[in-house]
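K.L.:
These protein sequences, in sequence, are chains G and B. Numbered according to the working numbering, the first sequence spans residues 4 to 317. Numbered according to the working numbering, the second sequence spans residues 1149 to 1424.
Everything labelled a hint here was simulated from the structure, so no lab data went into it. Heads up, a few of these hints could be off.
[Said to hold, decoys possible] If you want the footprint, here are the derived chain B segments under chain G, 3+ residues with CB under 8 Å:
#1 1227 to 1239
#2 1247 to 1259
#3 1308 to 1317
#4 1390 to 1403
[Said to hold, decoys possible] Taking lysine-lysine pairs in the DSS-like style, the calculated list, with each CA pair at most 30 Å apart, reads:
#5 Lys64(G) <-> Lys1254(B)
#6 Lys85(G) <-> Lys1402(B)
#7 Lys1394(B) <-> Lys1366(B)
Glycine residues also receive a C-beta, built at the ideal position from the N, C-alpha and C atoms.
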Amino acid sequence: MSTIRPGIDSVARRRIQRVREGVIEWALRTCAFAAVAGLLLIILFVFREALPILRDPATQKEASLAGFFATPLWQPVGDVPKYGLVPLLLGTLKVVVVAMLFATPLAVLAAVFSSEFASPRLREALKPVIEILAGIPSVVMGFFALMVLASWLQAVTGSSMRLNALNAGIALGLGVIPTVFTVAEDALRAVPKSYREASLALGASPWQTAWTVSLPAASAGVGAGVLLGLARAVGETMIVLMASGNAAITSATVFDSVRTLSASIAAELAEVVVGSPHYSVLFFLGALLFLVTFVINVVAGVFVERLRRRLAGA
Amino acid sequence: MKRLLLSSLVAIATLGTAPASHAGRPIAVKGSDTMVILGQRWAEQYMNQVPGQIVMVTGGGSGTGIAALINGTTDICQSSRPMKSDEKLKLRDRYQTLGQEIAVAKDGLSVYLAESNPVQQLSLDQLRAIYQGQVTNWKQVGGKDATIVLYGRENSSGTYVFFKDNVLGGRDFSPRVQTLPGTAAVVNAVAKDPNGIGYGGAAYAKGVRDCGIKKDAKSPAILPTAATVKDGSYPLWRHLYFYLRKKPEGDTKKFVDWVLSPAGQQIVIQVGYFPL
């Protein structure tokens, strides 16, 4: 139809198109800024609610930065509330270390297999299946750890506590694997083919090529994957809430039950008196978690950028 | 959370089906997770009997309910613990009342043991020593030689506070108490753990055995039953409360009166708690 009278119509059409483009751009811009604004407001809110710990004398009498390390007990409800962060920090550390020790080798080696050894057809099957793991709701993973994994582990290790750091850590590791795998696999796939060909042409075996050429070339990306997995592990809540037993014990063994920062917030915030010291402490924990994951994410971003530049420069 | 969602769905469904003839406002009920099922049964029955009256019940926890009462977003707050003094102060600041406390049911607190545990009874002193971590082996209280594994509720729950005040005399729990989300989780954990001990509402005691409780070393062991909770011979029981901002009136008063009536108290028994 438009081809019949091209003259005037095309000008009008171009104008309409320009307006439409403008509207679309404006709408997209609004969406982008709404997301950013939402994020900023959340950050602002969390930090504002945590502020009484640093500023309000009445709150500080009950809970202060010094007080967090003055007692090894986390007993926030009672006549004399005790907000000792040591067992929570230690608990988070234990679970995260177990999770990363479990997930990193599995995920990285799976990524090496998928990108270096698997036939294209196998890879097409393998990658989505591992990534489906990421789609399993963490509450389901936690439920599995609570009901099944904990019993297996108790039968194997003979620990007196059924729910412990090992159990929660392994379940958490299962949740972290897809994150590490996906990023590491993408990084390995991005290594230029010429690297591998050069290595193979020099007589290296496929395994030597993968281990000494591809993996080092992609190391920044693999590192970024591990860091993103770490950030997820630190913040993950539901799995540890269900699988760790949530007892705030200060000990060095992974066979004791642990209470993590994230699980404490999830378990306690629902019933806390709004504005009370306990409420501020929980928001302080939230701010702490936020800072830790934020720093990890930034470092991971730097790694990815470095990888991109290294491969682009090659 | 799931229960909360479910109850809101129930509330929405009833909104859709309620005849528009009744002029009254819906009554909002919010609070304790322990009481949410009880509240829903009351609401269902009451809405059957008084067509057009809408009663919306949601959970979230006793503290959440009290906060909602203070903020004016609920008419009735269900709570499994008495209101704290700072909460009362907030209520007074806003409404110049200290709130209205109405006991609506009794709840016996069970101490659960695994079916296979030979221990049948514990005195309150023994229970306190166990939960404070002074007694750590079952053989110290007449059981087999095995480490006691402690389970309890989260410190946000009214049940936790009740146990702390009434069994531990306000002193701290041992840090080795594993706290689980919800009484059902505690029951499940003890059922799976032959050396476990846990506590929670009597309504949930399935798959585990209730432990007989002795007031002191010489008194007889009492199991939580309707009779022993009602006459107070079982030592671990508490009231479940409704809280209102002021004396109930109008539709709200009718609902509260009905809850306290024999018909309302019958539902208390059906849900597994104990009548007043």
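K.L.:
Now look at each hint and say whether the structure bears it out.
P.N.:
Hint check results:
| no. | hint | result |
| --- | --- | --- |
| 1 | 1227 to 1239 | holds (count 3) |
| 2 | 1247 to 1259 | violated (count 0) |
| 3 | 1308 to 1317 | holds (count 3) |
| 4 | 1390 to 1403 | violated (count 0) |
| 5 | Lys64(G) <-> Lys1254(B) | 37 Å, violated |
| 6 | Lys85(G) <-> Lys1402(B) | 44 Å, violated |
| 7 | Lys1394(B) <-> Lys1366(B) | 45 Å, violated |
Hints 2, 4, 5, 6 and 7 from the list above are not met by this structure, while the remaining hints are.
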